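Both chains are sitting in their own frames, so use the hints and assemble them into the complex.
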Amino acid sequence: MKDKELSNRGLESVPPILQNRRSFIKTITIGGAALTVGAIFPTSLTAQSSGGGKPQRSMILVDFDKCTGCRTCETVCAQFNQQKVINGEALWGLGNPYFANIRVYPFNPDADVPIVCLMCKDNPCIEACPVEPDEQGHKALYRDTKTLAIRNNKKRCIACGSCAEACREKRVGAIIPNKETNHPERMCNLCNGDPQCVKYCPYGALTHVKGGLDGRHYAVPAEKIAEELIHRWYGSAGLQRTPYKG
Amino acid sequence: MKKLHGYFGILLDVDLSTGQISHREVDPKDLQNFIGGRGLGMKLLWDLLPKPGTDPLSEKNPLLFMTGPFSGFPLPSASRTCVVTKSPITSPLKSKYPGASTVSYSNMGGFFGPEIRFAGYDGLLVRGKSDKPVYLYIDDGKVEIRDAQKFWGQRTDPFDRAFIKELGDRRFRTCYIGPAGENLVPFASIINTAARAAGRGGTGCVMGSKKLKAIAIRGSRQPDVAKHKQFLELLEKARKDFAGTTNTENWRRYGTGSALIRSSDGGSQAVKNFREGTFQHIDKIGGITARRSIWQRDFACFVCPLACKKSGVAPLEPFSGLVHDGPEYETGTMLGANLLITSMNGMQKAIYTADDLGLDIISVGNVIGFLMEAYEKRLINKKFLDGIDLTWGNVDAVLKMLSKIAFQEGVGKAAGKGVKFLAETIGKDSRKFAIHCKGHTFAAWNCHVSPGMGISYATANRGACHLNGRDVHIQNAIALTDTTGVCLFARGGYQGNLISDILETISNRGWSEEQYTIAGERVFNLEKCLNYREGFRKPDDSIPDRFFEEPLTIGPHKGAVLDRKEFEGMLNKYYQKRDWDVNTTRPTDQKLKALGLDFVLPHLDSADT
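Sequences listed follow chains A and B, in order. Using our numbering, the first residue of the first sequence is number 3, and each one after it goes up by one. Using our numbering, the first residue of the second sequence is number 12, and each one after it goes up by one.
Chain B on its own, in the form it takes in the complex (with noise of 0.2 Å):
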């Protein structure tokens, strides 16, 4: 098969054992079927591990950086870097491996993933292990790998700020790792511009085991497109769809932070553990009083109309001048909310404290919950958390935990692990409100509502996951949408079948909408061959029995439980229309025949025996 428009068609390769620098081409069989980001990366790391079970924290595991084909065009939105790696967080209940995991894939937005294509790359794959600190330099051909003994230990902000001045130059972009991410932390995540995040999924823990804190990327190129002027009528109707809408203006105006208070009054939110779905203080942390008493400024990521992104500074004692972003919809519940939080400014310092020091918030917000409940209904002492009162709603405690997983001290050894882990430590019936599956914890939205989003849980591919989808047909459009570049909030603002007859004018597969669809359908199901070969299977599709046994108590939706017998329907039923084995959750051969995946059959009989 001949070159394909719209890619370089080569990953920039980087061993950090051996110090290799080289290109990897990559088959453009690939690039037309995985199209990009998450797909192509999951191609990617099916290549890379040609068996399972692989420590995620060996040198045999890949990191990814990967963009889409949208990428490094000015396509709305076309933002995104997707992150893939095995993940260093999630576990099976049974598997003949002991590093058994699931595959992980992290959106970040900001202006790193164009910068990729920009220096002339589709993606980055950094192998192998660095024996001591270094950073990666790549400034388009010229490619470095860097000592950065001097930053190590660094938080991110101000390492953002120290590691600009190293390079000379505002126009490189960045993405880093915090102490969370070098003390190997399984929830660190990778952070960008001091704020933005590859924060699900482990990523920054990855990059930890291999001893990298940075990458550095600029660049002066750019892939061609297949017809360029169609392409360019396209853009400049994107453009124009996006232009004025109420939707982008909501976006522009409050961020993700308008869903605090949405949520909460429809009982989706996270609150004190995800015992409850409604918040009665949601009004003192949320968007408009956000944007009130916080919020100066909104940014935007590279070409995005939205502008969700708001910045400003905490006005009042405590911690009055902290300057951060947020809060967003998941940091201000899982900092907020979840913990029963009221101060706007505690909520900020947290969440301030959480990105310097390289957390996912997600994760750890979930962490800090569980050990509060546990502690509140005395499963655990004070000792157990080095003398830390944890209570409901005690900033105070909040940022020493997040100090002590960070690094790695006396509690945080324990809690750094992750719910399941303490579960399984402290035991007592704990694992009820332990809200993870397969070890990744749930996002800021509850599921007492909502069984739509318990089959979004339970059946995403990273572990536990708000952006899954809640049916089949959504999944497979939104794992269209990480193999393109743009942002899943922009989705929404590319009207019709504008997407998919962009990526033509892009390509020219000469693929219909539905084929395009079908191409997300397959990245799904690699990704859940990838997990069902390291041993999941369907009790690892399992949702924290608080939500079938414990109803809300109160707000408008007080009393409501999910019912065990239909959503194990539900499940079912979500099997068969993926074309799955019912009981052993295995993709059949015939769709898998179907999806062109031919080349994982004997992997998955071989996983079977």
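With the rest of the complex left out, here is chain A (with noise of 0.2 Å):
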């Protein structure tokens, strides 16, 4: 990890949500110990103790002062999680960016936003999941036992998109409902513990890290996001140029 290079920036120019989030990478790569988080971050962290073996929660943290926008980490999410058989053999896909679970949102002034799923503590998404639970108490959203990522049971979801509603108006809406059926996708599964994108980012501007987040405070949309980037980037200037909303 990267923490000693993450930590020596200066915090001083850095706007709130920033600066708050570079508390949280510098909080959260010092390892899975347990954390002094300060007054900064009163709850917003759930970083978990290694042992117990316990499924720990974990993510993919984005370093927007890394990320050049070329969008590989898309076509290496879709590589891995669209494969395809050939000859009796399960090969990687050609990486459609289409079908990735992380998306990159361009920005003028330039600023290029990477958007995955945060998996929030809370999980707004499953909340919002009409489906009754089962007797394993999944909803048809539900945590994927092993990673603790978010998944999707077709065969009990009812496509009434209530769960890319919330994360689109409670988190980042990393949740984009499928253009024919209305099934929730995109959610980042984190390639089975192994994340592709951050593997193959040719910028490090990638990082998984245990723990992960309650929302409050990383959660913004793309737009909100650039903005704080951009101001920070080029200065006021910057922001004066942009109409964000819509």
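Please keep in mind that the hints were generated in silico from the structure rather than gathered at the bench. There may be inaccurate statements among the hints.
As the list claims (entries may be wrong) - Computed Cβ-Cβ distance ranges for the label pairs, DEER-style: (1) Asp235/B / Glu182/A: 31 to 37 Å; (2) Gln85/A / Gly164/B: 48 to 54 Å; (3) Met12/B / Gln85/A: 26 to 32 Å; (4) Gln84/A / Asn258/B: 27 to 33 Å; (5) Val87/A / Val593/B: 57 to 63 Å; (6) Arg158/A / Ser304/B: 44 to 50 Å; (7) Ser304/B / Glu171/A: 27 to 33 Å; (8) Gln84/A / His34/B: 22 to 28 Å; (9) Asp146/A / Asp235/B: 30 to 36 Å; (10) Gln85/A / Gly580/B: 58 to 64 Å; (11) Gln85/A / Gly607/B: 54 to 60 Å; (12) Ser414/B / Gln85/A: 21 to 27 Å.
The structure displayed is predicted, hence computed values, not measured ones. The beta-carbon is built from N, C-alpha and C at its ideal position, and this holds for glycine as well.
Take a look at the structure:
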């Protein structure tokens, strides 16, 4: 992990949201030990202890200062998760970014914001799912018992779109309903615990970190993140040029 | 012939005169032989222009947005869109056709080309002319010609933002023209992401003539490949080859801006309208200074590990707070060293303004440099320039000229026609420092120190071009690269035969490395035939007298000048190596037949009569 490099950057000039994120990065990369988060983040971190054999929540963390907007993450995500069977052999796909679970949104002035499921502790998407829990306690949308990633049971899903709406309104809009079926898609599954986007990012902008968030500080829409990045990189002049809403 | 893997085999065909939208099937033989991008675009241009002399701004001239077989796959730097059309800026010395001009192709980076493939097409063909401003909306199979009246007149930077808002999804990829294209400035560019450009060759002018403000595209598809498993292995190899090399690192750190100081030191930079090759103040506007004072961020095109695009903000007055990308080598030279501008902020403002207006910076830097020299030599006065004091290094005057040209006001009308026209108008031997070939201006590389670069300019099929290549072999290799959809800057990252090996896994032509090289040669010769048919001959392959008559007076290469006889000898050798007639530059029948270009023969015969 790149904790040293990340934590060495100055925090003084960083706007509030990113400052919190920086603190978060700094703190979370200490590792699996219990964290002393301090006043900034009283409850938002839920780092897990490494013992006990219990599944740990983990997520993809984006360092926006390193992202160049090349979208390699999208293509490898789609390659891994849209495999093809060729001559009886399951192979990676060709990486059509339309099917990626991580999606990069470009802005003007130049800023690129990768958006991916944040593995929110309070999972508003599952909360919004109206399907009754089964005997395992799973609604149609539920957490994978191994990776703790969000999954959808297509057989039980009624395609109402509530989960996507909840994610869009309360978090980052990572869940996208299928164009035809309206079933929720694009929930990061962490590639069975070894996220390929992290591995292949040519710029080292992505990190797979243990822990997760309750979403209150980290989970803001791409527009909001871009606004802060542009302010930080280009000053107030950059912001004046950009109508972000809508 | 059956369908070729790696292609959809169709173009989206939009006729703006009739409003008809259809699919045009591409002959699999053409896909096979011309591959894609610049090559396939040229074959389509040949098919769509059955006769020579088409007025480039008439509804008959097609505008093609081409992709290559690499496009739409996650191969490093497979990001290019090749815009192909008949040039509105070039002209031959003699021709029986008033509308005669060369072919034009212009590659732009970004995300647009791959998205054409994601939408399910190998290219977009725009024909005809709309009678009111429109934009093209493409969402997979849903295609609409939409009203763009409210956007007409908008500059590219604000339009980029307003357009995305109108589309309602940031995942649309767009390209568009600015006021320069709308006002039919022959060297108008097509812009995407508010800075990347299909700058050269007047593609924005042709787009403007069709009253097509913009194209928005989004899609969910992808072609297949012939040998899936081998393709994945080579993809993995290509990704690894790029990682961590000093070449990759240099692109990331300085982009093309690294060449500003290097080229000045080597005497190869365009300085003072190409009078000199070294700029004594280059450190003030070079890459190192830009990195320190302006650049904040590095940006990459689609799946590119090089991130050569630099964006930043001008920190100091004047123009503080200006946010834009650059300087690159070309923009920093043509609107910097070539005009003796020493203010980094001032230069950034000029770069931003030219992009914003949709002007090709290379061309407009030439036009302004030429006028500055003519003004200094008192061949023109202030009245000619509408009162603008166009002295060397005068940023304010440059900004005024950019605006006059883009909006076609006053002196902008003549200046907008380019240096060839200006030299004819002004006369008095000003043609000696009108830096163009076939009407297309030189790029930011001087050639006093480099006859090879002179050959590149003189023999380029789109008119003067620094990316054409110095000899036959390099030209064919570059033409091949331009058919694939891969960026020329990233070409070096693909080691050995990797490009042709990957092409084999995509389409399985059963070709050797040699046969792919021949495909590059085929493309170059077809372009040549299109030009030959229009009337371009040996005398058109010439470069300005300046490079033979006025040696450099400053810098490490002081005294450097080209030898005319030697240069002519090089040109003749070049034609021989091409198997072209040394007197007329006509490709021989034998060469054309060997390249499978038999279909052009009757047309060349009638061009000779």
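Tested hints:
no., hint, in the structure
1, Asp235/B / Glu182/A: 31 to 37 Å, "violated, 21 Å"
2, Gln85/A / Gly164/B: 48 to 54 Å, "holds, 49 Å"
3, Met12/B / Gln85/A: 26 to 32 Å, "holds, 31 Å"
4, Gln84/A / Asn258/B: 27 to 33 Å, "holds, 32 Å"
5, Val87/A / Val593/B: 57 to 63 Å, "holds, 58 Å"
6, Arg158/A / Ser304/B: 44 to 50 Å, "violated, 58 Å"
7, Ser304/B / Glu171/A: 27 to 33 Å, "violated, 42 Å"
8, Gln84/A / His34/B: 22 to 28 Å, "holds, 26 Å"
9, Asp146/A / Asp235/B: 30 to 36 Å, "holds, 31 Å"
10, Gln85/A / Gly580/B: 58 to 64 Å, "holds, 59 Å"
11, Gln85/A / Gly607/B: 54 to 60 Å, "violated, 39 Å"
12, Ser414/B / Gln85/A: 21 to 27 Å, "violated, 54 Å"
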